[in-house]
Each structure stands twice: as structure tokens, then as C-alpha cells.
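Required output: the full structure, derived from the provided sequences and hints.
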Amino acid sequence: MYVPDRVRPPAFHAQRSALKNSVSHRKIAMKLVRLAAAALIGLCLSGMGHAGQTFDTVKKRGFVQCGVSTNLPGFAFTDSKGEWQGIDVDTCRAIAAAMFGNATKFKVIPLTTQARFTALQSGEVDVLTRNTTQTMSRDTTLGLIGVGVNFYDSQGIMVTKDANVSSAKNLAGATICVLPGTTTELNLTDWFRGLKQSFKPVLLDTVDEIKRAFAAGRCDGITMDKSQLALARIAFGNTDKYVILPEPLSKEPLGPMVRQGDEAWFNVVRWSLNALLEAEEYNLTSKNVDEIAKGSIPPNIQRILGTSPGMGKGLGLDDKWAYNIIKQVGNYGEMFDRSLGAGSPMKLDRGLNALYTKGGLMYGWPIR
Amino acid sequence: MSSHHRAPLKFSWNNPEFRALAYQFVVVGLAALLAYYLVSNTLHNLATRNIATGFAFLEREAGFAIGESLIEYSPSDTYARAILVGLANTLRVSAVALVLATMLGVIVGIARLSSNWLVARLASAYVELIRNVPLLLQLLIWYAVIGELLPGPKAAFHPLPGIYLSNRGMLMPSVDGPAVTGILWGLVLAAIAIFAVSRWQRARRRQTGVPARLWPIALTFVLLMPTVGWLLGGREFHLSIPHRSGFNFEGGWALSPELFALLVGLVTYTAGFIAEIVRAGVQSVSHGQWEAAQTLGLPRSRVLRLVILPQALRVIVPPTTSQYLNLVKNSSLAVAIGYPDLVSVVNTVLNQTGQAIEGVLIIMAAFMTVSLTVSLLMNWYNKRIALVER
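Read top to bottom, the protein sequences are chains A and B.
Letter by letter, the first sequence follows residues 1 to 368 of my numbering.
Letter by letter, the second sequence follows residues 369 to 758 of my numbering.
There could be a bad hint or two in this list.
To be verified - Quick look at which bits of chain B chain A covers, simulated, 3 or more residues with Cβ under 8 Å: (1) 415-426; (2) 709-718.
To be verified - Derived SDA-like pairs: lysine to any residue, alpha-carbon spacing no greater than 20 Å straight-line: (3) LYS196/A with GLY435/B; (4) LYS211/A with TRP510/B; (5) LYS27/A with VAL394/B; (6) LYS697/B with ASP205/A; (7) LYS196/A with GLU436/B; (8) LYS241/A with LYS522/B; (9) LYS59/A with LYS107/A; (10) LYS211/A with GLY515/B; (11) LYS211/A with LEU508/B; (12) LYS697/B with ASN747/B; (13) LYS169/A with LYS251/A; (14) LYS27/A with LEU398/B; (15) LYS211/A with ILE514/B; (16) LYS27/A with PHE386/B; (17) LYS251/A with LEU355/A; (18) LYS251/A with LEU195/A; (19) LYS31/A with ASN382/B; (20) LYS241/A with ALA523/B; (21) LYS169/A with PRO443/B; (22) LYS211/A with PRO519/B; (23) LYS211/A with ALA704/B; (24) LYS161/A with GLY173/A; (25) LYS241/A with GLU516/B; (26) LYS27/A with ASN382/B; (27) LYS31/A with LEU389/B; (28) LYS196/A with TYR441/B; (29) LYS522/B with GLY173/A; (30) LYS169/A with ILE244/A; (31) LYS251/A with GLY431/B; (32) LYS27/A with ASN383/B; (33) LYS27/A with TRP381/B; (34) LYS31/A with TYR391/B.
By construction, these hints were calculated from the structure, which means they are not laboratory data.
All values reported here derive from a predicted model rather than from experimental measurement.
Just so it is clear, CB atoms sit at the ideal spot from N, CA and C, and this is done for glycine as well.
As C-alpha cells, this is what we get:
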């Protein structure tokens with residue numbers, strides 16, 4: 001039966017407040033406060049940033065973590081056996097060969113354009129070998145730094161032959177499909193602004209959707225790096241139906257990027273790239289490097305192959321660091337042929353990517 | 369009654385009220401400390417890695433073009449303006465989709481309860497199919513279908529002069545100029561006036577029984593107010609008729625296939641869910657209401673409209689609020705089919721400037737504002753239709 005409070009005897013209230021004041025309540029409250037404080041302190045300690053040395057971390061870990069494209073023929077793709085191939089992946093192999101003497105000590109982490117920089121900034125990958133254009137804003141605002149160029153490209157526009165257009169200057173009012181959030185998008189806009197013409201962009205966030213929309217006629221043209229346009233044209237199957245317009249919309253020096261503040265690691269990546277170029281210039285290939293090492297060799301090749309000691313010490317690596325790269329990955333020419341050139345379905349010309357001695361831009365810095 | 373009298377707060381640990389306050393103080397303090405620690409740690413880490421912070425990037429030049437926008441925009445405008453364009457696009461597609469989804473949802477929901485076997489089965493099939501396919505997939509299918517079905521601009525359908533239908537969108541003649549804004553404002557004011565007059569007439573009929581005809585007054589307003597607007601606007605407007613020019617069309621107003629596919633996808637998807645909610649609401653009204661209304665001689669359609677739906681609304685409105693919020697958030701899938709909504713534009717900005725945290729904060733703030741506004745309005749409506757019991 002319901003008994004209102006004012007009818008209950010005073011002792012009842014006293015008992016209730018005594019229970020409330022009992023020690024068990026206070027104990028629980030104190031436990032909670034201590035737990036919260038401990039969690040806070042734990043968080044503080046774990047918050048020590050990744051500003052440590054990447055070189056030491058990678059050395060201790062035993063393999064290099066590279067960020068690459070999700071699926072870009074010629075640069076980073078999985079072959080029929082499920083192995084990662086492409087010149088970006090081979091660049092990663094070269095870094096691993098230099099660090100550990102074993103080109104298989106690497107792990108590939110595929111990244112989209114939207115995740116690529118955050119992954120490198122946060123330490124999820126050690127180096128970004130992801131056909132990334134080296135630009136000033138990427139060097140100065142992201143806390144990252146470009147290391148070098150492993151592929152010189154330029155942006156182009158591809159249209160159908162039926163459009164009867166022979167120059168990218170005659171595309172006023174056209175609809176162009178492009179990937180959002182890329183320098184490609186910015187360069188396209190700058191191109192039309194420079195010509196004072198208008199155009200309609202259609203932003204689709206995967207290359208596959210762009211190719212589909214172009215094939216279905218939704219856009220009059222697509223714009224990507226010229227190498228990717230050539231690959232897309234091959235993928236369409238009917239290469240005669242499409243025309244890559246000659247004007248370059250921009251310069252696209254593609255290469256690896258690392259975090260700022262890490263000079264030891266930066267040097268390893270940069271000089272791995274240079275070793276690839278030096279090897280090609282002096283005709284050292286994965287097949288002949290052993291023979292050449294045995295014979296009498298000029299001093300500059302001695303320095304590259306490590307037969308004259310001392311070159312590896314400055315990098316913190318074994319003296320045979322460049323020998324390992326050449327033996328296990330090859331020189332730049334072999335890398336290019338394997339993934340993009342004559343030895344691959346793409347059959348791209350060396351073009352700008354030829355050695356400077358053959359009229360291209362590839363110029364390795366001397367290893368001395 | 370004396371034990372209910374509030375005792376003054378004694379600052380003693382033995383006083384339960386004081387203890388409660390003290391604990392709350394400590395917890396709030398700890399939460400504030402945690403928040404302060406997280407923010408300052410993030411800022412410190414960003415600074416040591418030379419990553420730019422702050423919202424100063426909003427004043428930099430955008431440098432990228434946006435496919436369609438409600439407000440004036442050119443690539444030389446700031447990032448802030450680009451984000452506003454994205455927000456306007458999101459609001460536009462959300463508003464239209466909300467209205468259409470509600471209409472379609474109500475129709476399908478009631479169709480499912482129909483006594484016509486075919487209609488009911490068709491509605492069931494629609495609901496079951498739509499609810500079980502992921503929305504992203506539906507959007508991609510709609511976009512691909514529209515892209516494949518419609519011809520290129522050279523072979524566009526041309527049913528009426530000035531109207532073209534192709535895979536670049538549906539183009540229609542448009543009018544522009546100050547007189548047009550005048551006409552639009554006139555129509556808006558006419559709508560408000562008609563609404564107010566109809567409410568006044570209904571109240572007067574309830575009190576005095578005097579019937580009134582609305583249509584003469586409505587007609588006068590609809591004719592009069594836009595004309596006044598047109599006169600005030602200076603009587604000049606430009607008619608813009610689309611015509612083929614180069615690669616695309618010049619002039620007119622275009623409904624792009626991206627916007628159309630997004631609308632169709634969002635509307636059909638959300639309507640499937642709203643249909644089920646409406647069905648639940650109608651079934652929640654006790655059968656006695658149907659019988660009583662029918663004994664009054666009302667046909668089934670008027671029973672539904674005048675007796676059942678007003679009572680069913682109490683069950684329908686709260687879950688429908690959730691569906692509306694889902695629709696607004698689902699509009700962010702536009703990035704997969706190329707419609708430049710808020711998330712797509714901020715993603716681009718995020719990539720170009722590298723400031724991921726600020727970009728995500730902007731998206732969160734925008735969506736929270738829109739969602740809270742929608743749910744506020746729906747809660748106000750919910751309270752209004754609530755059954756007030758004595």
C-alpha cells in the first residue's frame with residue numbers, strides 16, 4: 001500500500017541517508033576517478049608523436065612499407081600470379097635492396113588519391129611511391145618532401161576521332177571527365193582559363209568510371225597523364241577511334257615522397273633512385289653486373305658497385321647497396337622496359353624518360 | 369509537507385546533493401581536460417610535421433571548376449565560395465528529393481494496403497527490391513542506364529522547339545532578369561496569401577457555418593501578385609533558348625544527368641522506407657475508426673484522407689524524421705556519380721590543401737546544422753499533431 005513520505009517515521013529517513021553516506025558509494029566514486037586519471041595519463045604517454053627517425057624504424061622492422069596506387073597499369077598493379085609489379089613497386093624494391101640487401105623485404109600498401117598524403121603523414125607508410133606529381137605546395141604545406149623523379153610525364157586530353165579536333169585549343173564548350181582533387185583537375189581549369197574558353201567538368205572518382213563515361217559518350221574528352229591516356233586507349237581495344245591531342249597541359253614530374261625532418265631516410269631513397277640511373281648510364285644491368293664486378297673496372301664503377309669501400313657508410317648502408325639494387329632490380333632502363341616499355345603490353349616510348357645522353361631528361365647524380 | 373521543503377545546500381560531504389554536484393563537477397572537468405589535451409596534442413603534432421593548420425586556406429583561390437552551381441562561381445573564386453556552391457547543391461538535391469520521396473512513399477505505402485491484388489503485390493515487390501539493394505549500387509545503375517539510353521548531343525531528342533534530351537542532360541528554355549525574380553516573389557506571396565485566406569475561411573465556417581469559395585480569391589491573387597512583381601521588376605526579361613553549339617548546347621537551363629540520376633536514386637530508395645512507415649502508421653489506427661467512418665457514408669478514399677491519415681501521422685512522423693536525415697546524408701554519395709555536392713567539393717579542397725582535419729570539420733558542421741534543422745522542424749510538427757489528452 002502506498003505510504004506517503006510525510007507519514008513515515010523519522011528513523012526511516014535517517015536510515016536512508018545513512019545508507020547513502022555509506023563508504024561503498026565513496027569507494028566506487030574514487031575508483032572511477034582514479035581510472036579516469038590513469039586513462040588520461042596513459043593517453044598522454046602514448047601521444048609521443050612519430051617524429052622519430054624513419055631509417056631506424058625501418059631498419060628495426062626489417063622491411064619497407066611503400067604506398068602505391070590501387071591499380072594503375074605500368075606503375076603499380078598485380079600480375080596474374082598476384083605479385084605487385086610496375087615501376088613504382090620496382091622503386092620500392094630498389095629501396096628495400098639498398099636497405100636490407102634483399103629486394104623482397106617490402107610491403108605494398110595500396111592507397112587512393114584521397115588517402116595517400118594522410119597515410120604518409122601519419123606514418124602508415126615509410127615512402128610514397130605513387131606516381132605523385134612533385135609540386136611546391138605539396139613540399140611546403142603537407143609536411144612532406146619530394147625526393148626525385150622516376151617518371152617525367154605531361155598531362156594531355158584524349159578525344160574521339162569523330163570530334164574532328166586536332167588541337168587542345170579547339171575544345172571550347174566541351175565536357176571533360178576528370179578525377180577530382182588532383183593536379184590534373186587544376187591544370188585542366190588553368191588551361192581553359194588561359195585560353196579564355198569555358199568547359200564543363202564531370203568529376204568521377206575512379207579511373208574506371210571515367211573510362212566508362214567516355215566510352216558511353218557522356219564526355220567529349222578525358223584528361224590524365226599522357227602515359228595513362230595511352231594505356232586507357234589500349235584498354236578500350238579500338239585504338240584508332242581515339243586521338244591524344246598533342247598539347248601538353250602541364251609538367252608532371254612523378255616521383256616518391258617522404259616525410260620532412262628525416263634526412264637519413266631521404267638520402268637512402270634519393271640515392272637509390274640515382275643508383276638506378278647511374279647504372280643505366282654506365283651500362284650495368286642485372287645480367288652483366290657480376291661479370292663486370294669481377295673484371296678490371298674504372299674507378300667510378302668501382303664506387304658504384306662498392307668494390308672501393310666507403311660509399312655506403314655515409315648512407316648508413318652496406319657498401320654493396322648499389323650492387324644489390326642493380327643485381328636484384330636492374331637499372332632504370334630494365335625497370336622501364338619491364339613495366340612500360342618494349343617488354344610490356346604498353347609499349348610506351350622512352351620519350352622524356354630517356355637518359356640525357358639519348359635526348360631525354362633522366363640524369364643521375366654522380367655517386368662519389 | 370515540511371520534508372519536501374528544500375533545505376539550503378550544506379557544503380558537507382555528508383550532504384548527498386553536494387556530493388552529486390561535486391562528482392558532476394569532477395567529471396565535467398575531466399572531460400574538458402581530455403578535450404583540451406586531444407586538441408593541443410593534435411595541434412602540436414601537426415606543427416612538428418610542418419602541416420598547415422587553421423582556416424586561412426578558405427581565402428585562397430580555388431583554381432578548380434565546378435560542373436553545376438546554383439550561385440555564380442568561377443575558378444578564380446575562393447575555396448570558401450566553392451564550399452558554399454557545394455552546400456547549395458546538397459541543399460537543392462536534398463530539398464527536392466525530400467518532397468518527392470514523401471509523395472512517392474505515401475502513394476506506395478497506401479498502395480501496398482490496397483484491396484486490388486495486383487497493385488498491392490507490385491508495391492510489395494517495389495519495396496522489397498529497393499530496400500535490399502545498396503544505395504550506391506542503385507545510384508551507379510541509374511547513372512549508367514541514363515548514360516547508355518540517351519543519345520549523344522549530335523543525335524539528341526528534340527520533341528519540342530527549345531527542348532533537347534541527350535546524355536548531356538535535359539535542356540529547356542529559361543527566362544532570366546529582374547522581372548522574373550519579381551514574378552517568383554509574387555507567386556510566393558500569393559501562395560502564402562492563399563494559405564492564410566483558406567485558414568481564415570475554414571475557421572469562419574467552423575464558427576458560423578458560412579461556406580465560402582476559395583477559388584475566385586486564389587485566382588485573383590495568382591494573377592495579381594506576379595503581375596505586380598513583373599511591373600516592379602521593370603518588365604524586362606531575357607528568354608534563353610538552348611541550341612546546338614560546338615560540343616554541347618548553349619543557353620537555356622540544363623538538368624544534368626548526374627543530378628537526375630541522384631534524384632531518382634535517392635527518391636526511389638527513401639520512398640521504399642517511407643512506404644513501410646506509412647503502412648505501419650495506417651495499420652496502427654484501430655479498425656473501429658474505419659468502420660465508424662464508413663457508417664457515416666464516407667467513401668474509402670475520404671476515410672483515408674480525413675480520418676485515418678491524421679491519426680496515423682502520429683506514428684509516421686518520428687521514423688520519417690530519421691529517413692529524412694538519412695536522405696540528406698545519403699546525398700553525399702553524389703561523389704560516385706559526379707554530382708558536385710558538399711562532400712565532393714570539400715574532398716577536392718582537402719586534397720589540394722592537405723588540410724584534412726579542417727575539411728572534415730567543415731563537412732561535419734554543415735551536415736549537423738542541416739540535420740538539426742530538419743529534425744527541429746519535424747519535432748515541431750510532431751508536437752503540433754500530437755493527440756492532446758485531458
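Hints and how they fare:
1. 415-426: holds (count 5)
2. 709-718: This one holds; 4 residues, not fewer than the three required, reach chain A with a Cβ under 8 Å.
3. LYS196/A with GLY435/B: This hinted pair holds, its Cα atoms lying about 17 Å apart.
4. LYS211/A with TRP510/B: 17 Å, holds
5. LYS27/A with VAL394/B: It holds: about 15 Å lies between the C-alpha atoms, which stays within 20 Å.
6. LYS697/B with ASP205/A: At roughly 19 Å apart (the allowed maximum being 20 Å), ASP205/A and LYS697/B satisfy the hint.
7. LYS196/A with GLU436/B: 19 Å, holds
8. LYS241/A with LYS522/B: 17 Å, holds
9. LYS59/A with LYS107/A: This hinted pair holds, its Cα atoms lying about 14 Å apart.
10. LYS211/A with GLY515/B: 13 Å, holds
11. LYS211/A with LEU508/B: Given that 20 Å is the threshold and the Cα spacing comes to 14 Å, the pair holds.
12. LYS697/B with ASN747/B: It holds: about 19 Å lies between the C-alpha atoms, which stays within 20 Å.
13. LYS169/A with LYS251/A: At roughly 17 Å apart (the allowed maximum being 20 Å), LYS251/A and LYS169/A satisfy the hint.
14. LYS27/A with LEU398/B: Measuring from Cα to Cα gives roughly 18 Å; hence the hint holds.
15. LYS211/A with ILE514/B: 16 Å, holds
16. LYS27/A with PHE386/B: 17 Å, holds
17. LYS251/A with LEU355/A: Holds, at about 18 Å.
18. LYS251/A with LEU195/A: 18 Å, holds
19. LYS31/A with ASN382/B: With Cα atoms ~19 Å apart, LYS31/A and ASN382/B stay inside 20 Å; holds.
20. LYS241/A with ALA523/B: 19 Å, holds
21. LYS169/A with PRO443/B: Holds: LYS169/A and PRO443/B sit about 19 Å apart, inside 20 Å.
22. LYS211/A with PRO519/B: 17 Å, holds
23. LYS211/A with ALA704/B: 14 Å, holds
24. LYS161/A with GLY173/A: 17 Å, holds
25. LYS241/A with GLU516/B: Holds, at about 19 Å.
26. LYS27/A with ASN382/B: Given that 20 Å is the threshold and the Cα spacing comes to 14 Å, the pair holds.
27. LYS31/A with LEU389/B: Given that 20 Å is the threshold and the Cα spacing comes to 18 Å, the pair holds.
28. LYS196/A with TYR441/B: It holds: about 15 Å lies between the C-alpha atoms, which stays within 20 Å.
29. LYS522/B with GLY173/A: Given that 20 Å is the threshold and the Cα spacing comes to 14 Å, the pair holds.
30. LYS169/A with ILE244/A: 13 Å, holds
31. LYS251/A with GLY431/B: 17 Å, holds
32. LYS27/A with ASN383/B: 16 Å, holds
33. LYS27/A with TRP381/B: 13 Å, holds
34. LYS31/A with TYR391/B: Distance of about 12 Å is within 20 Å: holds.
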